[in-house]
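Undergrad: Reconstruct the complex from the two isolated chains, following the hints.
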Amino acid sequence: MGRPSQLKPAITGSNRRDFFKRSGATTVAVAVAAQLLPLAANAAAASTVFQHGVASGDPLNDRVILWTRVTPTAIKSSIAVSYVVATDPALTQVVLRGTTKTNPGRDNTVKVDALGLRANTTYYYQFGAEGTLSPVGRTKTLPVGPTSSLRMAVVSCSNHAYGYFNAYGRIAQRADLDLVMHLGDYIYEYAAGQYGTARTPEPAHEIVSLSDYRQRHAQYKRDVDSQAMHRQHPLVAIWDDHETANNSNKTGAENHQSATEGDWATRVANALQAFYEWMPVRPVDATNLRKNNRCYAYGDLADLIMLEQRVNGRSPQLTTSTHATPFGPGFNQTDPGYGDASRTLLGADQEVWLTERLRSTPARWKMLGQGVMFAQLKGVAAANAAGGGTFLNSDQWDGYQPARNRIYEVLKGDATHAPVSNVVVLTGDIHSAWAADLTQDPNNSNTATGGYNPATGEGSRAVEFVGTSVSSPGVDSDTSGQIAGGLRFFNPHFKYINLTKRGYMLLDVNRDRAVCEWWHLDTALSPSTVETFATAFAVGFGTNHLVPAVQTTPRANPPMLAP
Amino acid sequence: MKNIHAFARLSLATLALGTSLAAQSADFDFAGQLVHHKDVVQFDFSLATAGTVSIWTDSWQSGLNFDPQLALFDGSHALQTVFADGGDSVSPATAGYFDDGQTFAPLAAGHYRLTLSAYSNDPVGPNLAQGFSHDGAAPIALADWNQPGYDINANDQKGGVWRVHLSGVEQAAVVPEPASVLMMLAGLLGVVAVARRRK
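If you read the sequences in order, they're chains A and B.
Numbering-wise, the numbering used here comes out as the position in the first sequence, counting from 1, plus 2.
Numbering-wise, the numbering used here comes out as the position in the second sequence, counting from 1, plus 497.
Isolated chain B, as found in the complex (with noise of 0.2 angstroms):
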């Protein structure tokens, strides 16, 4: 489960919320940056009725980015979907040929995880904590890998930046990484410390 979090260089700066967590259907934006092909973002979402939710990215650009691979995991993080690309039949006009996309029709009402890797880092079994197959593998920088279905023709899939949409949805947000986890707790525990100083 450890190296399910490794990804300690995504930078939260980078992610975009595009709409505020409500308690109805809405659609959320997310966006950053994968360094290495081991990296895995997570995130969690949830609906308090069941109802049709779309999911995908249009990160891939062609190849300009890596070739993301979603998967969705439920509460209890057991695996539901591996997605197999079809990101460009959820959103035609923005996603291509690799991003992955499905439209759930109905998701059920619940909390999920959502995972997303750099193909072929797949979850290796039916549950979250059995991680991803790259999980036991040195860290290879995105730009210096050539990524399995990768174009040897265009030397393309080299890029990091990742998008991912989630429409229908109530609440979702991107699940910090224990790094940063502890550095914030790191950073409480310091204003604290001040706070007692200063008394």
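Isolated chain A, as found in the complex (with noise of 0.2 angstroms):
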């Protein structure tokens, strides 16, 4: 999503402070553990070295990947590094040593592939290198087979300079989920003031080289919550735009501007080398970084299928947004570019692996990870029939009507293939928080002409939970609700929509049903541990629309936290 036409004045004073106290208040806790726990003998060197903490990510059932980054005290062409996994905080049930390097040509990231590992176990792991030990974290390898329980945060749009990472807190104190799913836009490229004032942008100037890429990782993987979250979590995180530039495509971006940054490919090549390193993402293609669609299957219970929408495949951005709506301008289905076919938001490659997969998992559930709003979102409403309305936003799947059609026809099925139901689209991008019932033709009310009964959900493919950001900003002005009140009116398919708030989606996943619940937080403009329930809504299995629900219960007795 773009940047915004005004910008906020800067934010002074007390979060400053309160920024300070906190950071002295986890150099404490550090402490404190460091008395508990023997091995972590080196708090303040740790501190140093480990500066960027640790984090795990992409777990299967026999492994995971483990991340840090070593600071060494001088320059070093290579530093050798240690690690340990075991089952027990303390790590003494110790089930893997090694050892591994790493060098500047890394950034001095360390990445292990933690293999021979037992499935649906929690697991503590630690690093060492420069004398020091770095803090404990704590990971969960993927289960196989029956399995009756999936419970994951998804979050979003986490932008360090509009402020402060609080839904990680939040998320990093819940011990009972299974993972993290990020959907993107970890980082934001822009420079200092351009989007966001809460906290100063390292480096201060617009990212373009892979030493800016490099230095606004560092930076985002310095901040408490951050850390928090990534301690305590595996992550499974895709990209969207900001990784690279706002707005990206495989040729492009709206924020990149080629006569004074440069080559296109060049920048997207720093960007996901620095992401690589500074990620706890598993390579799909070493041999194309673009390439980032991969899948987890989650036991029976659920496929993770977790798409790249951004510069693998991804057709320009239409440029038609010139009709007036009462939201701002938006385009037409009678646009120059809107029907063509050729034009694509996965690439025809991951369009025929996400067909094949839909159509071929034993899995429950299919829970699509992406970035962008799969459900269509206009600003007049009109039926297919009639033109279709205008819609909003020509960077998610409305931009790309046939390519989100062929993804219809594999849920709808054919003469040779059966539909497919119990798909779950899971979204961020937008920094609002939206639940949909997916139909292709949300305003026209007849459903035997293939409409969408609002009522009852009868016509509906499939649902969709947009998760609003960890921090970056809304349409916070709608404290009334009037805008997402207009929206929902003329898209029938929302049953939920709030425009104002930061905060997380929490999935609880059973064999009946799919519940996402929205936490809200009170602000991020300051750190802040008060969150809030805001809503939530369920899919029953085999019914593809969406229901309300009541909060789910969590689980008993889950595995310690990493001290």
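Read the hints as simulated data drawn from the structure, not as lab findings.
You may find that some hints are simply not true.
[As the list claims (entries may be wrong)] Selected chain A positions facing chain B (Cβ under 7 angstroms, derived; list incomplete):
#	residue
1	T102
2	K113
3	R120
4	A288
5	G544
Yeah, the Cβ is synthetic: ideal placement off N, Cα and C, and Gly gets one too.
TA: Next comes the structure, spelled out in structure tokens:
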């Protein structure tokens, strides 16, 4: 989502003081942990050498990526790193020890694929380097076979400059999560003051070079709440646009000016090298880092199908948003390019891969982890037969209607393929919270002609949960809900819209239903631990449409958090 | 000890001796191909008088080839040092981050044995006879091996080429593996047998 047209005034005073108070509290916490844990003997040194924390990610049923970054006291060509994996927080029940190394060519980042682990098991891990030990991290492998429960947090749009990662901090306190899914915009590329003034980005200019992207990632990894979340949960992350540049596609981006910022392919390569260096992500294809679509089988309960929607296949966005709507200019189905079937969001290869996985997976639920909203979003409503109305955002699936229709055809099935049910689309990108039934013709109330009944959900083929941002701004002025209400009026397939709050989604999935809870923080403009349950919606197995739900019950006796 | 010489597929034909053996300080360049993760190549060298000696690899090539591990033993095969990278400090123009290298200033006169293995196949004890850490493992082809410290993002260090350079030593040579010695012996015996039949 683009930058705002108006900049908010700089945040000063108490926020900065609070930040430093908070940093101090963290130091105390580390020191206490050191007393409790003899292995963490040198907390002060660890806080320097391992100042970017530890992280884990991309768990499979027998392995997980472990990550850290070593900051030596002097520049070194090569740094030896040890690691240990155990089943207890004190690291006494060791199941794996190993050595690795890193070098400046990797920005001294460390990535280990810890192999030979047991399925559905919580592990604790720690790195050692330069004579010191890292904080202890906690992670978990995926289950295999019959599986009854998945509980995960879903986040997106964590803009360091725009505020504090309070949502991360709350997620870190939830011991009963299996993993955290990040749907992109993990970092933002802007210069100081361009998009958020709560904190000053490093470097202060817009990031373009490899060094720039590395510095920005490093700054984000020093955030106390980010470190807390990473330390406690494995991450499954995809990138959206801001990991490269705003509204990116395969050949360029809205926020990339070749005349002054150079070749787009070079910038993407810089961005992705830094991304893979700094994120606990296992590359899909080392020869093509742009390819990032991958699938995680969460036992037989759910497939987590993670999509790449930016730089590997996406066609350039439509540029026909000139039609007036009450919510700003939009584009129509009759506009040039709209019906061009060769335009794609995923690219041909990924479309084939997704189609095959959706049709063949034995998983009970198919969760699509992806960046941009799949549901239609109109500023002027009309059934398809009446022109389809006016869409608001050409960067989301609305701008790629033929490509989206191809996905719907898979869901609907055909003469040789059974329909695909129980698809749950998980989305980030737009800094606001939405729950949607997914239908190709939401403003056509006649289900006999492919329409949709908003009262019953009939005509819905799947559902979508859109998570609000961790810190990036929504339409924060909509405190009365008037804009959200207007959008729902034109878009009856949305069951919930909140444009003003920062937070995260909590997915609780069992064999009978998938529930999404929206949790909101009171603010992102200053450090806070105040969160509230906003609402919940569910989809029952085999129903493919939303119903209101209540808050789920946390798991009893979860594994201990890492110290 | 048997496994120390398990570089059966080391192609001696690829060895390139940079200079002839000479009874004076000289530079020697060796190159070859490691095939398995547990392979170890050994070199003997000597110097008559103490002097500055540099030993380094430059074959890592930013991960094109495996991460080499050098270890230096004395003439009685007592471990002197296990190199900890450092190749780029000895030869900044040619060696990379994970190349090994060290300059001994001076190294005492005497006979030495140098070993080259794939990190982290280290000597397990103070004497060469104690072998290397991977000796008991089933051989894994380097091309199929995720070497400790490899870059997951690049899936690198799958190549087997190695290059070792010794500067300031007086004699240096690759130690033939037992299998090679046996083959040479068998060849000699064959020559003798043919010669006898001709008689």
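Undergrad: All the hints need checking, so say for each whether the structure fits it.
TA: Right, here's what the structure says about each hint:
| no. | hint | result |
| --- | --- | --- |
| 1 | T102 | 5 angstroms, holds |
| 2 | K113 | 5 angstroms, holds |
| 3 | R120 | 20 angstroms, violated |
| 4 | A288 | 4 angstroms, holds |
| 5 | G544 | 40 angstroms, violated |
Hints 3, 5 from the earlier list are contradicted by this structure; the remaining hints agree with it.
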